[in-house]
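Asks: Sequence:
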Amino acid sequence: MSVYTTLLVERAGAIATVTLNRPQVRNALDLTMRQELVAALDEVEADPQARVLVLTGAGGHFCAGGDVKSMREKRPSPADGRARVEMLNRFIVRLVNFPRPTLAMVEGFAVGAGCNLALACDLVVASESAKFGEVFAKIGLVPDGGGTYLLSRLVGLARAKELIFTADIIDAAQALRLGMINRVVPASELRTATHALAERIASGPPLALRMAKELVNRAASSDLETALNLEAFAQSVASASDDHQEGVAAFFDKRPPRFLGR
1 MSVYTTLLVE
11 RAGAIATVTL
21 NRPQVRNALD
31 LTMRQELVAA
41 LDEVEADPQA
51 RVLVLTGAGG
61 HFCAGGDVKS
71 MREKRPSPAD
81 GRARVEMLNR
91 FIVRLVNFPR
101 PTLAMVEGFA
111 VGAGCNLALA
121 CDLVVASESA
131 KFGEVFAKIG
141 LVPDGGGTYL
151 LSRLVGLARA
161 KELIFTADII
171 DAAQALRLGM
181 INRVVPASEL
191 RTATHALAER
201 IASGPPLALR
211 MAKELVNRAA
221 SSDLETALNL
231 EAFAQSVASA
241 SDDHQEGVAA
251 FFDKRPPRFL
261 GR
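Residue numbers 1 to 262, in my numbering, belong to the letters of the sequence shown in order.
If you're looking for bench data, these hints aren't it; they were derived computationally from the structure. Here the structure is a predicted model, which is why all the values come from computation and not from measurement. Treat the hints with care, as some may be off.
[Stated by the list, open to error] Dumping the calculated DSS-like pairs for lysine-lysine here, alpha-carbon to alpha-carbon at most 30 angstroms: (1) K161 with K213; (2) K161 with K138; (3) K213 with K254.
[Said to hold, decoys possible] Now the in silico label distances, taken between C-beta atoms and shown as ranges: (4) R90 with F252: 43 to 53 angstroms; (5) S239 with A58: 40 to 50 angstroms; (6) S188 with M1: 19 to 29 angstroms; (7) A46 with S236: 44 to 54 angstroms; (8) G59 with S239: 39 to 49 angstroms; (9) E45 with V237: 26 to 36 angstroms; (10) P186 with L224: 39 to 49 angstroms; (11) V216 with S2: 22 to 32 angstroms.
Using N, Cα and C, we set each Cβ at its ideal position, and we do this for glycine too.
Working from the sequences, and respecting the hints, build out all of it.
Replies: Okay, structure coming up:
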């Protein structure tokens, strides 16, 4: 894997891990990190051995959002502000549509744009000490990083508006109750639990999971007839695949399948 200034990118078996690596500022997103995140996704996607992506943060925190220090040093023009957000937007779109399952492994703070980085992943596993929040209003900003889109689809409009308007920071247990995240585990078990889930998903059929992810994403903004038509097309591809034949053979042989993504 390549060397980055603000990230650590590594692969162990079928699991690629991208770690936000600015622990001195709780992994706040500066311009370099925004650029490198897109490059890291390109690298992982180009690796045929990587079946699942885990996104996490170094130093006990996931991500504290935008780099507030840089905001204080220079008052941005509207053009500067838009450029910063559009750079992050490129990563969010890539992450939501990434052709492999993605997991956020969250400890400590995941707030502001950092919260939305986690929500842009397919699944979120958090430690009991994790904190989430759409804290933009605290510094006179509106949500970015997909917050208005992602949060409302997970918790509903009323809850999303409350979290955005109040800028409250909530704990992992409340985030789980609201449907923002998938699992909460003790801090000492976070890495083990996340990687166990990632390994389980990585053992599944890559082609079918990629298409299933795309179908679910599209279904959120389409009607039933469109969703059914897309399912029929995807199933025609999946049913003709080697992985389907392997799955059927493994079922009758009473053994775990060995999916190759073909």
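Asks: Name the hints, by number, that the structure is in violation of.
Replies: Per hint list: 7 and 9 violated.
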